[in-house]
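Q: What follows is the residue order along each chain.
There are 4 protein chains.
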Amino acid sequence: MTLQPYHHEVRYYETDKMGVTHHSNYIRIMEEARLDWMDQLGYGFERMEAEGIVSPVTSVTCNYKKTTTFKDVIEVTLKVKQLSEIRLTLAYTMRVRGQLVCTAESTHCFFDGGRPAVIAERFPELYRAMMEAE
Amino acid sequence: MTLQPYHHEVRYYETDKMGVTHHSNYIRIMEEARLDWMDQLGYGFERMEAEGIVSPVTSVTCNYKKTTTFKDVIEVTLKVKQLSEIRLTLAYTMRVRGQLVCTAESTHCFFDGGRPAVIAERFPELYRAMMEAE
Amino acid sequence: MTLQPYHHEVRYYETDKMGVTHHSNYIRIMEEARLDWMDQLGYGFERMEAEGIVSPVTSVTCNYKKTTTFKDVIEVTLKVKQLSEIRLTLAYTMRVRGQLVCTAESTHCFFDGGRPAVIAERFPELYRAMMEAE
Amino acid sequence: MTLQPYHHEVRYYETDKMGVTHHSNYIRIMEEARLDWMDQLGYGFERMEAEGIVSPVTSVTCNYKKTTTFKDVIEVTLKVKQLSEIRLTLAYTMRVRGQLVCTAESTHCFFDGGRPAVIAERFPELYRAMMEAE
Numbered sequence: 001m002t003l004q005p006y007h008h009e010v011r012y013y014e015t016d017k018m019g020v021t022h023h024s025n026y027i028r029i030m031e032e033a034r035l036d037w038m039d040q041l042g043y044g045f046e047r048m049e050a051e052g053i054v055s056p057v058t059s060v061t062c063n064y065k066k067t068t069t070f071k072d073v074i075e076v077t078l079k080v081k082q083l084s085e086i087r088l089t090l091a092y093t094m095r096v097r098g099q100l101v102c103t104a105e106s107t108h109c110f111f112d113g114g115r116p117a118v119i120a121e122r123f124p125e126l127y128r129a130m131m132e133a134e
Numbered sequence: 001m002t003l004q005p006y007h008h009e010v011r012y013y014e015t016d017k018m019g020v021t022h023h024s025n026y027i028r029i030m031e032e033a034r035l036d037w038m039d040q041l042g043y044g045f046e047r048m049e050a051e052g053i054v055s056p057v058t059s060v061t062c063n064y065k066k067t068t069t070f071k072d073v074i075e076v077t078l079k080v081k082q083l084s085e086i087r088l089t090l091a092y093t094m095r096v097r098g099q100l101v102c103t104a105e106s107t108h109c110f111f112d113g114g115r116p117a118v119i120a121e122r123f124p125e126l127y128r129a130m131m132e133a134e
Numbered sequence: 001m002t003l004q005p006y007h008h009e010v011r012y013y014e015t016d017k018m019g020v021t022h023h024s025n026y027i028r029i030m031e032e033a034r035l036d037w038m039d040q041l042g043y044g045f046e047r048m049e050a051e052g053i054v055s056p057v058t059s060v061t062c063n064y065k066k067t068t069t070f071k072d073v074i075e076v077t078l079k080v081k082q083l084s085e086i087r088l089t090l091a092y093t094m095r096v097r098g099q100l101v102c103t104a105e106s107t108h109c110f111f112d113g114g115r116p117a118v119i120a121e122r123f124p125e126l127y128r129a130m131m132e133a134e
Numbered sequence: 001m002t003l004q005p006y007h008h009e010v011r012y013y014e015t016d017k018m019g020v021t022h023h024s025n026y027i028r029i030m031e032e033a034r035l036d037w038m039d040q041l042g043y044g045f046e047r048m049e050a051e052g053i054v055s056p057v058t059s060v061t062c063n064y065k066k067t068t069t070f071k072d073v074i075e076v077t078l079k080v081k082q083l084s085e086i087r088l089t090l091a092y093t094m095r096v097r098g099q100l101v102c103t104a105e106s107t108h109c110f111f112d113g114g115r116p117a118v119i120a121e122r123f124p125e126l127y128r129a130m131m132e133a134e
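So the sequences go chain by chain: A, B, C and D. First residue of the first sequence? That's 1 in our numbering, and the numbers climb one at a time after it. First residue of the second sequence? That's 1 in our numbering, and the numbers climb one at a time after it. First residue of the third sequence? That's 1 in our numbering, and the numbers climb one at a time after it. First residue of the fourth sequence? That's 1 in our numbering, and the numbers climb one at a time after it.
Be aware that a few hints might be false.
Where chains are identical, the list cannot tell them apart; a pair therefore holds if satisfied intra-copy or between any two copies.
[To be verified] No farther apart than 27 Å at their CA atoms in a straight line, the calculated lysine-lysine pairs in the DSS-like style are these:
no., residue 1, residue 2
1, Lys81, Lys65
2, Lys79, Lys65
3, Lys65, Lys17
I should point out that these hints are in silico values taken from the structure, not numbers from a laboratory.
Okay, chain A solo, but in the shape it has when bound:
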């Protein structure tokens, strides 16, 4: 399954007094891209909620390569970096007009009724979709 990159156009209110996109907003763009990616995998937020899956962020890392600013369109590609029994690590690459602006990672676990779940057992379809995503 080949997934489409996500696009975020930087909004005026996302800039700061240096004239660039405030670095905290990249964490939000990661979330946007991740939710879009889940949608593409057939596991949108509504389905996650309906199936009682809660998937908190346990860590984020963001490496800023170049600044961006108002109206820049950031293209985000997202890959599974690691998928263990209970933990998912995603890798993000962000580009503006082909130029690398940011690389990032986020790690997630999955909860089912408040308790950590083994992804492959509890959500086999999601597990398969993530393994096959490119």
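With chain A fixed as given, assemble chains B, C and D onto it according to the hints.
A: For chains B, C and D alone, coordinates are given in the frame of chain A:
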């Protein structure tokens, strides 16, 4: 009952590429000041929640007089402008070093178990506290 | 000249603990819609900047009709409500799936080199575009 | 030189529909704590600007240990983790009522007139203050 003004120090990420506090943040500062004011009235968020009071914002108006920027300390004073059976209107005055930077208003209704409530009947103590606040 | 409405899909981080879009975000959506509208009028941000036009917000008013939440697509239509010599008032109507969720207004003045400018004289093309926009 | 921890009280608008502080806000709290720490070192933002120092964030990492929510007071302590010729890494520990909620790091370089600067040479007083901070 004399209430204390609320102080908000402008954060770096609240500025925009014009170098000033983005105008949307004043709406957030109004909320901070309002929740602090409710606390001072003895009706903090926890008590509101415990008593099942939900008080949504039905409108806001904000008049920008002067720009502010990073590290400015905005002093907010808050008065009851109008208190009808089912609607509360608050007036906000924001100053930096004595200079007026913004005047604003917000209107709220009160819900009890999902239905609009007559404030004086359903929450007499809160009603009295708001009538006496200065 | 017939302009296209603007669409904003509510992001997860725009919701609050009530489960709805935080009311401050509508002020940001107004800005997004306004900048898009200026683009459509042929007066995008870059051109404004290049021509030395600065157009601060002098007031906003927002009337909340219905709550919205994550993934709702808010359609914003924007009209000139009043255009005087030195002041522009815009009216916004926001709908989700045809239902009215918010009406709003913003007022702006125009500065040229730091001083208030008479719009029709200093920016005749922009003035004409705004008068003819629908 | 012993520095004071920084305190951030979580605002209502910083929560999301899960009822907890949205994870992106911790990156902003790190910035608040860092600017406060620079102030305590005698190198506040105004002085940085006056001396032409620009110090962008080159990376951030955030490990979420426990959720926080509205009204929680997050205490942030900040230490120099590494200070090389051209790079500063800071380590953050965030606690609520003594409980660890988040650990984080940020890395910064220093620019002087647009070019990377050797911290100890170009800003010897700041370098010394950072080396001695506890």
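Q: Determine for every hint whether it applies to the structure shown.
A: Hint check:
1. With identical chains, the CA atoms of Lys81 and Lys65 are at most 27 Å apart both within one copy (20 Å) and between copies (22 Å).
2. In the homo-oligomer, the alpha carbons of Lys79 and Lys65 lie at most 27 Å apart both inside one protomer (19 Å) and across protomers (24 Å), since each shortest distance falls under that limit.
3. For the homomeric pair Lys65 and Lys17, the shortest alpha-carbon distances inside one copy (19 Å) and between copies (20 Å) are both at most 27 Å.
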